[in-house]
Amino acid sequence: MNSKIKEQLRQRIKSLDVLTNEERSQLLELLAENKPYGLVWEDKPEDVEERLREELPVLKEVPERAFISDNPDAPNHILIEGDNLEALTALAYTHEGKIDVIYIDPPYNTGNKDFVYNDHYVDKEDSYRHSKWLSFMSRRLKIAKQLLSDRGVIFISIDDNEQAQLKLLCDEVFGEQKFVGEIVWFKKRKGSFLSNKLVSMTEYILPYWNGKEVQLFGGLPSNTESQPIIKRTNSVKTLSFAPGIVKTKLPDGIYPKGKYGIGTSASELLEDAIVENGHFTSVVKIAAPFVWSQEFLDTEITNGTEILINTKNFQVRVIRHNNDSVKAMPSFLDGREFGATNEDAYELLKEIFHEDNPFQYSKPQKLVGKLILANSYINKDITILDFFAGSGTTLHATMQLNKDDGGHRKCILVTNNENGICENVTYERNKRVIQGYTTPKGEQVAGLTDNNLRYYRTDFVGRSRSVQNMRRLVNLSTDMLCIKEDLYEEQREFAGQQTYKNVFRYFDNGQKRMLVIYREEAVEQLARLIAQTDFNDKIKVYVFSPSEDPWEETFEEVADKVELCALPAAIYNAYRRVLPKQRDEIIGAGETEQEPQTDGMLNFTD
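When you line the sequence shown up against the working numbering, it's residues 1 to 606, in that order.
Accuracy of the hints is not assured; some may be wrong.
[What the hints assert, rightly or not] The calculated label-pair distances, taken between Cβ atoms and stated as ranges, are:
| # | residue 1 | residue 2 | range |
| --- | --- | --- | --- |
| 1 | Phe-338 | Asn-424 | 28 to 36 angstroms |
| 2 | Leu-9 | Arg-189 | 55 to 63 angstroms |
| 3 | Asn-71 | Thr-110 | 39 to 47 angstroms |
| 4 | Lys-190 | Pro-330 | 20 to 28 angstroms |
| 5 | Glu-351 | Asp-114 | 37 to 45 angstroms |
| 6 | Thr-299 | Glu-489 | 21 to 29 angstroms |
| 7 | Trp-41 | Asn-536 | 50 to 58 angstroms |
| 8 | Arg-528 | Phe-296 | 43 to 51 angstroms |
Derived from the structure by calculation, the hints contain no laboratory data.
These numbers were taken from a predicted model, which means no experiment stands behind them.
For glycine and all other residues, C-beta sits at the position ideal for the given N, C-alpha and C.
The task is simple: from the sequences and hints, build the whole structure.
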């Protein structure tokens with residue numbers, strides 16, 4: 001259909017009085033679609049989506065479920081109990097563009113009671129089985145894309161039932177050029193041979209990269225000992241190796257010049273060298289035909305390259321641990337080789353819970369850990385999201401990685417509480433992992449205690465922008481602001497002024513500071529108090545405003561000390577990009593959405 005005919009139909013639809021507003025809006029949307037290639041499916045409405053047409057989700061902490069480490073630098077992990085479409089909407093405000101790794105293990109839609117749509121299992125005979133699954137996944141993946149950082153990656157586990165459909169859907173949502181390549185995971189130590197078809201031994205993982213181009217996709221250090229940095233040449237130079245940076249397998253002791261006799265590769269050991277516990281503890285200077293310069297050597301050491309002198313003639317070798325020596329991930333991951341099979345996942349849960357089948361189809365911790373490491377081997381201070389959290393494997397894997405390599409990764413889990421899964425499995429598993437637990441054999445497993453775990457549930461505010469709803473949204477958004485700023489330490493006074501829960505609250509962890517102002521009456525006084533402070537960094541000030549003006553004129557004299565944000569406008573603006581349209585909205589092709597207007601009056605009695 002050419003553009004001229006489309007425009008005529010568009011005008012005709014808008015002029016028909018027999019159509020309801022909702023019918024008119026749907027017809028205009030259909031007319032605006034232009035898809036020359038890709039998936040086509042019958043979009044099936046979802047109960048939770050209909051709810052979001054009328055209500056806005058917020059996140060409320062359940063403080064009695066929090067586990068707070070004694071370590072002040074412990075990362076803050078978050079568990080959200082609620083429908084993941086609601087939680088993703090809230091995260092669109094707190095974490096837009098901030099998630100570095102997403103791993104999800106969605107329902108595979110096998111027809112064997114593994115996929116619930118509008119409170120009903122979808123079975124194999126459902127003629128809309130694939131359409132329901134695609135509608136369900138499409139809504140969530142579109143928000144997930146907005147959450148990814150500019151070098152973020154999403155991994156999606158899937159099997160044969162929806163692999164082909166998922167690949168086309170992800171090509172559409174993330175872009176075909178962002179596809180990294182299909183990973184095949186060998187998932188079982190032994191298969192069931194009862195099938196009259198193929199014995200299923202593998203599943204798939206689809207990774208999509210969000211950056212402009214795929215960077216080195218690895219996480220697998222090569223650890224390959226390089227060739228010596230000394231060549232057979234007459235160009236001799238002296239390199240100095242500082243104490244502690246040189247590893248060796250030579251016996252402990254003092255190695256004076258010429259003790260072993262310098263061979264053809266090293267001309268002379270210029271100073272006595274002391275070896276203790278496998279390291280040279282004094283300055284080692286070696287004159288030899290080095291390929292590297294001193295400057296290049298120092299840079300390599302700064303980047304993590306290890307220096308090794310294991311031979312009696314003091315032959316210098318190097319092992320690089322920077323980007324250049326990280327191998328790209330293979331497209332085939334054999335779970336049997338690194339303890340990442342279904343059986344390993346089952347045995348781990350059995351060790352933690354002391355019971356059979358506490359959760360079916362849990363993914364192995366080491367598999368998820370390998371995927372996370374693929375985008376965090378170099379940068380270990382990243383944020384990870386799993387919005388099909390299941391038994392909570394992703395958080396367990398994150399905490400274990402931090403323990404293994406000293407990282408500061410943070411993890412967000414989302415799951416509903418169907419059959420008590422969030423409370424009794426996801427939360428309970430990670431609580432035991434943090435505290436430590438005893439296996440059925442009586443073995444003590446030390447807790448990963450250097451972690452904070454905070455528990456949240458979804459709550460709701462009316463979507464219409466009445467002053468009452470606006471105030472309630474701001475009052476309920478404080479827990480979300482703490483998540484957004486990664487700042488939870490609330491103080492009882494600010495600049496000598498006592499805080500009041502419904503007037504203003506103050507958060508300060510010694511590095512970051514945040515004021516949340518709920519009442520207009522407090523704005524001028526707080527601006528004066530801010531003027532008295534001498535903080536080095538700006539204070540983030542969230543302030544209630546019926547418009548998008550965060551009281552800039554009032555804070556003008558302290559503009560260099562504050563970073564202002566008007567609420568609830570900032571939340572509305574973030575939600576508008578991901579929420580379904582309200583029923584009375586009429587948005588045609590090429591038209592823009594009109595912002596609801598308030599009368600500017602403030603209700604002081606609510």
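Verification of the supplied hints:
no.	hint	verdict
1	Phe-338 <-> Asn-424: 28 to 36 angstroms	29 angstroms, holds
2	Leu-9 <-> Arg-189: 55 to 63 angstroms	60 angstroms, holds
3	Asn-71 <-> Thr-110: 39 to 47 angstroms	43 angstroms, holds
4	Lys-190 <-> Pro-330: 20 to 28 angstroms	23 angstroms, holds
5	Glu-351 <-> Asp-114: 37 to 45 angstroms	25 angstroms, violated
6	Thr-299 <-> Glu-489: 21 to 29 angstroms	39 angstroms, violated
7	Trp-41 <-> Asn-536: 50 to 58 angstroms	54 angstroms, holds
8	Arg-528 <-> Phe-296: 43 to 51 angstroms	56 angstroms, violated
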